[in-house]
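Student: Here's the letter readout for the chains.
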Amino acid sequence: MFGRLADVAGWRERSLAETPATLFALRALLSEESPALGAALAGKGVQVAVAKAIVRGDVALAAGVEVAFLAPMSGG
Amino acid sequence: MFGRLADVAGWRERSLAETPATLFALRALLSEESPALGAALAGKGVQVAVAKAIVRGDVALAAGVEVAFLAPMSGG
Amino acid sequence: MTVRLTTEPFDPGVLLAEFSAGRAETGAVVTFTGIARASDGQVERLELEAYPGFTDTEIERIASATKARFSLHAVLIVHRHGEIAPGEAIVFVATAAAHRRAAFQAADQLMDYLKSRAPFWKKEHGPDGARWIEPTDQDMADAKRWD
Amino acid sequence: MTVRLTTEPFDPGVLLAEFSAGRAETGAVVTFTGIARASDGQVERLELEAYPGFTDTEIERIASATKARFSLHAVLIVHRHGEIAPGEAIVFVATAAAHRRAAFQAADQLMDYLKSRAPFWKKEHGPDGARWIEPTDQDMADAKRWD
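Protein chains in written order, with the numbering used here: chain F, 1 to 76; chain H, 1001 to 1076; chain D, 2001 to 2147; chain V, 3001 to 3147.
The shape of chain F in the complex, shown without the other chains (with noise of 0.2 angstroms):
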């Protein structure tokens, strides 16, 4: 979880000990866990990187790969 999602959840790095077969999946499970963090992950310019890679939509999601949900970002 980056920038204020971190907040939101309450915690910035998890390990499941097993990972959801679909990134959509893994949505449905953070959302169930909490309604706040699953609506903020759908927010506005929120985007999500697997494997260090943005991707959109669902994807499928190999065991143990890291996923990140990113905040919208602001450098400089």
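Hint data in this document are derived by calculation from the structure and do not stem from the laboratory.
Ideal Cβ placement from N, Cα and C applies to all residues, glycine included.
Mixed in with the good hints, there may be bad ones.
What the hints assert, rightly or not - Calculated lysine-lysine pairs in the DSS-like style (CA-CA distance at most 30 angstroms, straight line): (1) Lys3067/V to Lys2144/D; (2) Lys3144/V to Lys2144/D; (3) Lys52/F to Lys2123/D; (4) Lys2144/D to Lys44/F; (5) Lys52/F to Lys2067/D; (6) Lys2067/D to Lys3144/V; (7) Lys3067/V to Lys1052/H; (8) Lys1044/H to Lys3123/V; (9) Lys3123/V to Lys1052/H.
To be verified - With beta-carbon atoms standing in for the labels, derived distance ranges: (10) Glu3088/V to Ser1015/H: 33 to 39 angstroms; (11) Met2140/D to Gly3129/V: 18 to 24 angstroms; (12) Arg1056/H to Lys3123/V: 24 to 30 angstroms; (13) Glu3047/V to Asp2147/D: 43 to 49 angstroms; (14) Val1055/H to Asp3128/V: 35 to 41 angstroms.
Following the hints, complete the assembly by docking chains H, D and V onto the known chain F.
Tutor: Below, chains H, D and V without anything else, positioned relative to chain F:
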């Protein structure tokens, strides 16, 4: 004479024993001495500064005042 | 092309001295230095989060595209993350080109990109607590100019 | 606001270090460094002529107008004259502002002005002799953008 005007004139700086009454009189004097210089002074982009201030058209010249003919400028 | 992420303060002058030395065919070097503002005491420190292995790769990808687009001779991007005090430099971008227009436009584009699309997350800490800084509509519009 | 004419080489890095230090309310510093190009040996040295007492006053007038137009916190212009070797800096412009757009635009405008309207006369000396460099049509058009 600044920039290429000094090359055309063959000199950069001169003092005249008597200051012509006006800028146009000075131009006429210089043209008479050297028609090539006269033409260059009337060329595109040439500006004139009297007492270190840009002037346009004709102006009266005070005795001993500094007159500079400025070829097109380029810094940087 | 060089992209560096660092948690240590850096001196933009030292970076420009290195970047501009020995360039007999470069006519123009433009730099941008972004500095953390105190905002009259409203900001006590900035916290910048990066995603190592992702942030650097993304910036390198963009810097490389910008270098090709503007025929740059060289690009340097140095970006702080971690804790940053007011008055300290956050980001330094330098571009070298044969002519000034390319160097200016490339630096301008890189900054628009870094402000709204580079993978950093920025939090301001002040006397009234902390808040996340997200790109403004203007930042988004600025970045779109180059798409 | 500072305008300096000098016949001595200068280090743009040192100038940026001084200019950017101690700026807790400045969010953006942009610099431009113009460097004499060797053009593959076609240019052995540049000769830049200034009109002391006129050149400095004119540049100060423009820098002052630019500072007001873009609400700059500071402006620095350092310009060489005399003999300049390839690879040496000819001009250094630095602008400091609260936000990046103003700092970029101000530096861009100052350079367009210096290239086509500042009272300098520039001669290139090469193996085939010397030639005067006058502003190109593009330089003239660039400067008009700000009128």
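Student: Against which earlier hints does the structure fall short, listed by number upward?
Tutor: 11
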